[in-house]
Amino acid sequence: MIELEVKKISLRYGAVPALTDVSITLEPGKIVVLLGPNGAGKSTFIKSIMGLAPINKGEIWHRNERIDRLPVHQIARLGIGLVPEGRRIFSNMSVIENLYVGGFLRTKKEIETELIETVQIYFPRLIERKRQIAGTLSGGEQQMLAIARALMSGAELLLFDEPSLGLSPLMVKEVAEVIRKLNKEKQVSIIMVEQNAHLGLQLADYVYLLDGGRVKMKGTSKDLSKSEEIIRAYIGTGGGTETHRTL
Amino acid sequence: MSLTLLGQIFFNGIVISSVYVLLAVGFNLVWGILGIFNFAHGHFYMLGAFMAWYFISGLNLGFFAAFIFSGICIFIGAAIALKGLLDPLKENEFVCVIASLGLVSLIEGLVSAIFGGEARIVNLPVTGVMKLGGLYLSYPRLATLGISLAVFGVFLYLVYFTNFGRALRATGSDPEMAQVQGINISRIYFITFCMGTTLAGMGGIVACHMTPLMPHMGIDFSLKAFIVVVLGGLGSIPGAVVGALIIGLLESFIGSIFNPTIAMIVSFIVVLIILLVKPSGLLGVEGR
Amino acid sequence: MFRLRSLNASRIWKGIIITALWLLGVFVPLFFQDPFVLHLFNLVFLGCVWALSWTILARTGYISFAHNAFLGIGAYTSVYLVMQLNVPFWGGFLAAGAMAGIFALILGVIILRLKGIFFVLSTFCFAQIMLRVFRLAVPITGGANGIRGIPPPIFPLIGSIESHGQFYVLFYIYATLVVIFTARLFTSNIGREFKAIGEDMFVAESMGIDTTRQKVIAFLISSVIAGFSGSFHAHYVSFISDTTFEMIKAIETVIYCVVGGIGSIVGPIIGAFVMVPLPEFLRGFVAYQIALYGLILILILRFFPEGIWGTVKRGIHAFTPTTPTTKLKSLSLSSELADGFSIDFGDTLDFKKGTILECQAISRHFGGLAALSKVSFSINSGEILGIVGPNGAGKTTLYNVITGVFPPNQGTIIFKGRNITGLRPSKISHLGVGRVFQTRILYTESSVKENVARSFVPRSGFNGIKDLLSLEKKKHQWVNDETQQILTLCGLDPVAEELPKNLPHGFQRLLGFAMALATKPELILLDEPVTGMSIEEMNIIGDMLEKIHKSGLTIIIVEHNVNFVMRLCPRILVLNYGEKIAEGTPEEIRNNPNVIEAFLGG
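Here the protein sequences line up with chains A, B and C, keeping their order. Heads up: the first sequence begins at 1 in the working numbering, then just goes up one per residue. Heads up: the second sequence begins at 1001 in the working numbering, then just goes up one per residue. Heads up: the third sequence begins at 2001 in the working numbering, then just goes up one per residue.
Rather than coming from a laboratory, the hints here were simulated on the basis of the structure. Computed from a predicted model, the values in this text were never measured in an experiment. Among the hints, a few may not be true.
If you want the ones that stay clear, here's a sample from chain B, every Cβ over 12 Å from chain A, calculated [said to hold, decoys possible]: (1) G1062; (2) V1126; (3) Y1160; (4) M1177.
Listed below are several chain B residues computed to face chain C (Cβ distance under 7 Å; list not exhaustive) [unchecked claim]: (5) L1085; (6) D1087; (7) I1098; (8) L1110; (9) V1266; (10) F1268.
Cut-off 27 Å, straight-line C-alpha distance, at most; resulting in silico cross-link-like pairs (DSS-like, lysine-lysine) [claimed, not checked]: (11) K1278(B) x K2115(C); (12) K2501(C) x K2014(C); (13) K2353(C) x K2427(C); (14) K222(A) x K7(A); (15) K130(A) x K108(A); (16) K1090(B) x K2416(C); (17) K184(A) x K222(A); (18) K7(A) x K30(A); (19) K7(A) x K218(A); (20) K1090(B) x K2501(C); (21) K184(A) x K218(A); (22) K2501(C) x K57(A); (23) K1090(B) x K2313(C); (24) K2353(C) x K2449(C); (25) K2195(C) x K1090(B); (26) K184(A) x K226(A); (27) K2501(C) x K2416(C); (28) K2195(C) x K2449(C); (29) K1090(B) x K2115(C); (30) K181(A) x K130(A); (31) K2416(C) x K2374(C).
We put the CB at the ideal spot given by N, CA and C, even for glycine.
Next up, chain A with everything else stripped away, as it sits in the complex (with noise of 0.2 Å):
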């Protein structure tokens, strides 16, 4: 069973087309990277899938569930969970707080289950700070309590807006490390889009290059590590696919 398949979806912003015929297809268990530069509609995608941007076309599936006519509150009912750009945790309460909000659909069992099992063991930093309060927390710490949040609901599919932003490289690396120690030990599915392509291509099992709001590429990270193509759309080139009339 898929775990996550988007079927050509186009969205725009007014008459400004954000994401045009975006196909993704994710399976259970494993982590999918979308790169591209800024612009090229990586945060609209993400939004779309949990409900906060409403697609113009085309399709959303989980599971055999269609989801994308959903309210963004029983989007999060169905085990999806969002760690999105810029953290956005609950700045006015305290760590503990941030994480039984995440839990807000759970029973106080299930959440204190969740806490031994899941936040002790891979964020026990959070564990440690638990009454203090969140916007306190220096950016990498933000970030860690934004993926335990999501976790809390206990999340099968995580999505990921551009985890890395505003990090420093040493917690950009132990952020990383997270995410592949819950994808390999917690089974967590994950669709992450990343404008860092070197973290990306780190973490992939699959890649998709997102750019002008269109799929330019897809492949496994292997293939496209060495790839030309994604340098180019991030930085341009002299030649290219693209043509513009000589000066």
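Starting from the known structure of chain A, arrange chains B and C on it as the hints suggest.
For chains B and C alone, coordinates are given in the frame of chain A:
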């Protein structure tokens, strides 16, 4: 100015403050979390007071029965106002404010028409004073203080120690991310509005005996709620408490020494200064 | 051809209807002798003025609940001067307006910097304070007891105005003058700037409109008229007290305007005609009057938010032919200029050579976040410079600092040899820096052509009364020629008469572009001009930029699409995390390892 007089003024100020806490915290909820500036907030306070009068003096019910019934009526009224008017207009801030002005006229007009414009006085079945040192603490006022604190306590428990309260605070902090955690924010908004408005109503109920009741006192209390919240800081519950204390005591002191009208003028000038200098208030969060 | 004719025809019809209605009003007192009916009319006329004066400020997007305070200030001033100091009526009248104006000036300068709901609330506070001052200042205002026996107005040569019929004439003239004044105001340059401020204050300021000055002027005019009305009101009803100016009076204006239709001149007038007599017809239901006001307001807001006039206008529009949207969608961009064409910017492009813009060590932080760190660069007159960088690199912040939206924390910006650091955006726009806003259109109810023409306006100068009284035709002449040039350059000819909101996206972008050109910049800043465009569209934009560049304009382009920038710009700047990490030719940038790192992450 004798010490006992000071003490008396201080006690009165505290009682007034406790009522303002309910009024302001409710306003804070509605404005801070839903983003709706409800000019008619004070009118629900006034409604609460009038209902209390009606149940106590008109129907001769006990105070607690009046309290319960009035509270329920206010809650229902708030639900109707929200669903019928304010929620559909939530998109545009200005239109919402003007709509709330419509509510002001409607509620004030109806109460005037039904109950008449003369001032009413509520006589509680409880009378008498308690002597403490040289101070005379009237039982009705003590009751007001006690009930206000009790209601506030229940409110604090709800907001800080329950799942619902966490959902409420999360929604206030980041509605999109609250949804992502599975919270139905429409439902939260509904309950928050009704809760906040009912708190105002309860303020009116417990304070119904302290001043003569007139239909057009509604606007005054909306303004008081606004003053306290701006002073204390939008979005901050401790701020609302601090603001309520300051304004309540200010009113009591200046009102006793000079005159209540001057007290209101001073309050307004303070608010103007705050709006210009630190619009986020004393304890508020910047950029809200 | 048909269109042109119907336009003129409708204008003639409009004139006939208005004149006919006005004449009707003149003859009313001949047919209705009943003083009660005349009294109603008088109140309606005062109500029209009341609503219109409020609308003048509302046009800038600032909603005031202090209008009743100014009414009171005017009333008490006039009454005090006439009754206590024996000043003739016209003196009291003028003083009423002046006093209201002084209060408005002081208050306006203080609170007009507040935005949105905070402005509204501070006007509310002011009104509350003034109401209580009215109650307490007994020697002047009579306090809660008020002032009785206010004498009617006495004019030299005419004598005193006694009967309702005479007041009718007075107020009819007053209302007519105010309507004409307001109508002229709204169509004048300054009135259009009010509207622009109401649409989008940020863009208006960046396009050269001194928003602070215009807001204060709007507030002033609005309040002075309220002051005059206060004087008339007091000398008409002969008794005032602090309850005369209660908050319901402030809410009244809102009700009139909402019921009639906000934003127009006809709307408030209709609103006044409908709402003012209403209490009289509800004599039996006095108690329910206020409730009814509220109910009407609620119903209108919920179901007819455009008010009576707005709904009528919408109905009319349903019957006027407009270009079907499908036809619009099929239009494609094209820039139809022959090579060698260039825009004549006249004498504004006087800076011919050398460094036109220099940024020295610009730093800007927000809270703890450094958006820009010691960014330095310069650009020569006539260059095209590209700026690229990942998200959050600080590109938009850089533009904001250059155009004066906020000052840098450190560093200086020198434009044409002059230090412009920290100047306000409208001033910087006047000096020759233009910024293209892609989709923020200022005049949503005007055609594309008018939008471009109006963008010239802030530069063509304004001289108060002269502006209002001038015959607009002459100025429109030269504006028309230049407007046409820009329209053709930007390929907007096919859509010149359309409303911006009906345009396909590409044309909207071009319109933003044309409007920036109309402000006659020497340096133009483009923010992501081709994001989301197809390749053909990108080519056209590229062509157009080339042509404009040849005319002598200096251009800076910020873009995500690095290809586009590389092909157009001989020199490129790369920003990352607020710092300049590279500068050079496209070749150099492409091969710069730091740049590759920054974009691909490392």
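Here's how the hints hold up against the structure:
No Cβ of chain A approaches the Cβ of G1062(B) within 12 Å, the least distance being about 38 Å, so the stated non-interface status holds. No beta-carbon of chain A comes within 12 Å of the beta-carbon of V1126(B); the shortest separation is about 41 Å. Not every C-beta of chain A lies more than 12 Å from that of Y1160(B), the closest at about 9 Å, which undercuts listing it as non-interface. For M1177(B), the shortest C-beta to C-beta distance to chain A comes to about 5 Å, within the 12 Å cut-off, and the non-interface label is violated.
Evaluation of the L1085(B) hint against chain C yields a held restraint, the C-beta minimum of about 6 Å falling below 7 Å. Annotation: D1087(B) was flagged as interfacial toward chain C, and the flag is violated, the nearest CB pair being 11 Å apart, outside 7 Å. Look at I1098(B): its Cβ gets to within about 6 Å of chain C, closer than 7 Å, so that hint holds up. Because the closest C-beta pair between L1110(B) and chain C is about 5 Å apart, less than 7 Å, the hint holds.
For the restraint placing V1266(B) at the interface with chain C, the shortest Cβ-Cβ distance is roughly 10 Å, beyond the 7 Å limit, so the hint is violated. A cut of 7 Å between beta carbons decides the hint on F1268(B): the least distance to chain C is about 5 Å, and the hint holds. This hinted pair checks out: K1278(B) and K2115(C) have alpha carbons roughly 13 Å apart, not beyond 27 Å. A hinted pair counts as satisfied when its Cα atoms are at most 27 Å apart, and K2501(C) with K2014(C) qualifies at roughly 26 Å.
For the hint pairing K2353(C) with K2427(C), the CA-to-CA distance comes to about 22 Å; that is within 27 Å, so the pair holds. Our distance criterion of 27 Å between C-alpha atoms is met by K222(A) and K7(A), whose separation comes to about 25 Å. Only pairs whose Cα atoms come within 27 Å are accepted, and K130(A) paired with K108(A) is accepted, the gap being roughly 17 Å. For the suggested pair K1090(B) and K2416(C), the alpha carbons sit about 48 Å apart, so the restraint of at most 27 Å is broken.
A threshold of 27 Å between alpha carbons decides the hint, and for K184(A) with K222(A) the separation of about 19 Å falls inside it, so the pair holds. As the CA atoms of K7(A) and K30(A) are separated by approximately 18 Å, the hinted pair is consistent with the 27 Å bound. Under the criterion of a C-alpha separation no larger than 27 Å, the hint pairing K7(A) with K218(A) is consistent with the structure, at around 15 Å. With a CA separation close to 24 Å, the supplied pair K1090(B) and K2501(C) stays within the 27 Å bound.
Restraint check: the Cα-Cα separation between K184(A) and K218(A) comes to about 23 Å, which is no more than 27 Å; the hinted pair holds. Taking the CA atoms of K2501(C) and K57(A), the gap is near 23 Å; set against the 27 Å cutoff, the hint holds. For the suggested pair K1090(B) and K2313(C), the alpha carbons sit about 25 Å apart, so the restraint of at most 27 Å is met. Distance check on the hinted pair: K2353(C) and K2449(C) sit about 33 Å apart at the alpha-carbon level, beyond 27 Å; violated.
Straight-line distance between C-alpha atoms of K2195(C) and K1090(B) comes to about 24 Å, which keeps the hinted pair within the 27 Å bound. Restraint check for K184(A) and K226(A): satisfied, since their Cα atoms lie roughly 25 Å apart, inside the 27 Å limit. Restraint check for K2501(C) and K2416(C): the C-alpha separation of about 37 Å exceeds 27 Å, so the hint is violated. This hinted pair checks out: K2195(C) and K2449(C) have alpha carbons roughly 17 Å apart, not beyond 27 Å.
At most 27 Å may separate the alpha-carbon atoms for a hinted pair to count; K1090(B) and K2115(C) meet this at roughly 19 Å. At roughly 22 Å between alpha-carbon atoms, K181(A) and K130(A) fall within 27 Å of each other, so this suggested pair holds. In summary, the hint linking K2416(C) to K2374(C) is supported, as the alpha carbons are separated by about 21 Å, within the 27 Å threshold.
In summary, the structure is inconsistent with hints 3, 4, 6, 9, 16, 24 and 27 from the numbered list given earlier, while agreeing with the others.
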